[in-house]
Amino acid sequence: MTSALYASEFRGSSALGVNTFRFEVWRRHHDAPETDNAWVQAAHQLGINTLTGCFGTRVFFVRGSLTLQAAQRLGQTLLADPVIEDFAVTADLDQPAALPEAADHSIEVTLLPGVTDPVAENLVRAAQQLGFGPVEQAATGQRYGLRGDLTDEQLRRLATMLFSNAVIQRCQIDAPISPPFVPHQAVDDTVETIRLREADDAELLAISAERRLALNLEEMQAVQTYYQQEDRDPTDVELEMIAQTWSEHCIHKTFRATIDYQGPLPGAPVNSERVLQTIHGLLRTYIRAATETANKPWVRSAFVDNAGIVAFDDEFDLAFKVETHNHPSAIEPFGGANTGVGGVVRDILGVSARPIANTDVLCFGPQDLLDTALPEGVLHPRRIADGVVHGVEDYGNKMGIPTVNGAILYHRGYTANPLVFCGCLGLLPREAHPTGARPGDWIVVIGGRTGRDGLRGATFSSMEMDGTTGEVAGSAVQIGHPIQEKQVQEVVLRARDAQLYSAITDCGAGGLSSAVGEMGQDTGARVQLQHVPLKYPGLRPWEIWLSEAQERMVLAVPPENWDALRAISAGQDVEAVCIGEFNDSGRLELYYGDQLIGAMAMDFLHDGIPVRHLQASWTPPTLPEITDFSEPDYGQTLLKLLAHPNIRSKESVVRRYDHEVQGGTVVKPLVGVDEHGPGDASVLVPLDTKHQSATDSYPKAVALGSGICPQYTDFDPYAMAWAAVDEAVRNVVAVGADPDQIAILDNFCWGNPNLPDRLGSLVRSAQGCHDAAVAYGVPYISGKDSLNNEYADTDGLRHAIPGTLLISAMGIVPDARRTVTMDLKQPGNSLYIIGETYDELGGSHFNQIHGRAGGTVPQPNRKAPALMRTLHRAIRAGLVQACHDLSEGGLAVALAEMSLAGRLGAE
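The sequence shown begins at 6 in the working numbering and counts up by one.
Keep in mind the hints are simulated off the structure, nothing from the lab. Errors might be hidden in some of the hints.
What the hints assert, rightly or not - Restricting the straight-line Cα-Cα distance to at most 30 Å, the calculated cross-link-like pairs of lysine-lysine (BS3-like) are:
no., residue 1, residue 2
1, K540, K491
2, K403, K830
3, K673, K540
4, K655, K673
Stated by the list, open to error - Pairwise CB distance ranges, derived in the manner of DEER restraints:
no., residue 1, residue 2, range
5, V779, T165, 49 to 55 Å
6, G640, N866, 38 to 44 Å
7, E141, Q620, 55 to 61 Å
8, G576, L98, 36 to 42 Å
9, P87, V582, 38 to 44 Å
10, G405, D205, 55 to 61 Å
11, V582, D762, 48 to 54 Å
12, R417, T799, 39 to 45 Å
13, D193, D589, 53 to 59 Å
14, T165, E223, 38 to 44 Å
In this text, a Cβ means the ideal position worked out from N, Cα and C, and glycines have one as well.
Input sequences plus hints: build the corresponding full structure.
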């Protein structure tokens, strides 16, 4: 009724002149949010103590054929909540409405032109649906009113260090900001030819550096040789496509390299003889080999698709993937984490599965770090943490996916290079995922449009960072649009059930170049770039081909299914466009109109990269001996441990995530009487499987857990990797998972692999990964490496993260009725500890709080798998009421957490 009324009132408004209106919306004074005080506190942390008050308004710019009366109606209907908010609207952009409260200064912030603005996109769509005539453009922003005696320099610092991020935003102090509409640009069909055939070595490296290709000399020489054989120079489209395909991010060339490694043999004591070992690929030698040794028949797919797939029951499979989004999150925390979640959700859609749960593991620098200790160009860890958590929350909650498992760690080594691990679990019917594009299939893109805000993400993530990274790599960071991805999800799942596509993949880093290039690897493809939907005109052909579009999938669709797919897409308000065709040519051909702008053999694109030959060495560190053996005050020690940033409650973050949407969560992240205790793992019974299957008399569940122990890396990466596998497995077994039905994922985050000591540490950790997985009988089904996590400061000093390995575990709980949580249940129950305690305090939080640097880290325990199977039998028999794994802080912290969660004491 409302829509019809407004449609009638504004019918014919297209004949009006085009106007731009500025709206401001604010909460009434008595409803002022707590964030206003948070801004003041944050300013004081920056040393700006003269800021005494702050409040904000939401700003909207709307351009279209609207009268002022229509604009007022739009504000009342769509922008302001009449119960708790007021608004003002004006067409005079130089004279915005008066602030709702007295203020001494103002700072206004908008996104940069061209950066995705999901709220603005939804505003345009909603306005048109409500009948408000042709609304052409919209944009959003914020206006902050500040009270206090502030200098120009203090205002500048507040604007740039607190209220905006120059990577994706612009700001204006004490003046109204202009609308960030993208100026009209003419179509740009420029295609450059890069002089490569006659270039010498220095020129080759210069080309790689200038275009940020992240290719070394040997790789540039391989490209040069190919084009010498082709008797022509490459176009910019071709060169950028090769760089993307050959990037560390996409092809994992370090894990495929031949490595001459000097170090102890796997499993040997750290001080044993250093032996030269030649390794033909870390992935093949250690990770895949462990999966082959485990030889589990329930593994459906490992390392060959967007996610690993295992059997769940006789009708459904589970897909699991964990990605990293580290570099983007360092320079724009919200957008980096936001699109990290969106990207891993699309990985799950890329194996035709419905996302049913998310995970997140976050590693930050110290939150109390002094500003003077920050490297140049680095955001403060507090700001990074706030933005990352907000980004994770925003995407998962809006998509209706529960975030059920994770961890947060703090270490000085993550100050300039935070780590953001984003995971997603999916459910799909057995045999529902087609995997092969066929000649004659149409290349169809659905979802988000292409803009410049997604360029060179793959190569950017393959390089080290320094003080200029934010300036030169800003276009590699995007803002996600979770509502649009939800719509894309529904299209994919309906098309899957109707069997409308032959293959599917997500459009990740590298954009269409990556997606179409991979899908057509075994066939060939011909693409018309003029058909690709753009956010705005003016993109060059290479930008159209390489730019990552968030919320976009690529499908291989038989022509006879096109109309059905298009109808499904239209029903979900998702754009679907055919941009080309797969063929049997073995070549990739790119056209812009009638112009052939790129042509390349698929064999060269995917297999032409030279295998790297790297040098690695690892020497055990020289550690100081512990000389202080005095007995500590155990009560004070426990309190200090419980207050340690890595151990204390993360409830303030966990509560921001929805854990129960979709209705399948059986064991949530927080457990106990008042749900304050940190659970070991989460357990879900997917809704689609809650009925009893033909072979099971009780519902099955899936448990998700993780292990991460970077505090051990400096002591021994081999022991660290074993401990991470052990912790992940213990987490899921503790809640009821069967030790013989656990699959794991590996995510390596390391420094520069071209440095022998960094690579040596990585090799030793991969060896630990292999040996631990074989000992526990757990196959790897997917993984990802993120290398070059280093920061070069202005003095040339390199700051690498501590070598970090995340192991994510997915275990089948045979009987969902037999899940166990960690909280103590009732007085009188006996307490047992399973396993033995050794003198292994190296890297422990106990040593940290007492200033002890030496000691031995926990060593591999080959008895552990048998102990876990025994524990599982006890859980299945109903003999265990509470179970908790011993992790940071050991038995003392574990027992304290169990007592606090159960509101009971323990002797």
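Hint by hint, here is what the structure shows:
1. K540 x K491: Status holds; Cα separation ~19 Å.
2. K403 x K830: violated, 35 Å
3. K673 x K540: violated, 40 Å
4. K655 x K673: Given pair K655, K673 holds - Cα atoms ~14 Å apart, limit 30 Å.
5. V779 x T165: 49 to 55 Å: holds, 52 Å
6. G640 x N866: 38 to 44 Å: violated, 30 Å
7. E141 x Q620: 55 to 61 Å: holds, 58 Å
8. G576 x L98: 36 to 42 Å: holds, 38 Å
9. P87 x V582: 38 to 44 Å: holds, 40 Å
10. G405 x D205: 55 to 61 Å: holds, 56 Å
11. V582 x D762: 48 to 54 Å: holds, 49 Å
12. R417 x T799: 39 to 45 Å: Violated - the Cβ-Cβ distance for R417 and T799, about 19 Å, lies outside 39 to 45 Å.
13. D193 x D589: 53 to 59 Å: violated, 33 Å
14. T165 x E223: 38 to 44 Å: holds, 41 Å
The earlier numbered hints that this structure contradicts are 2, 3, 6, 12, 13.
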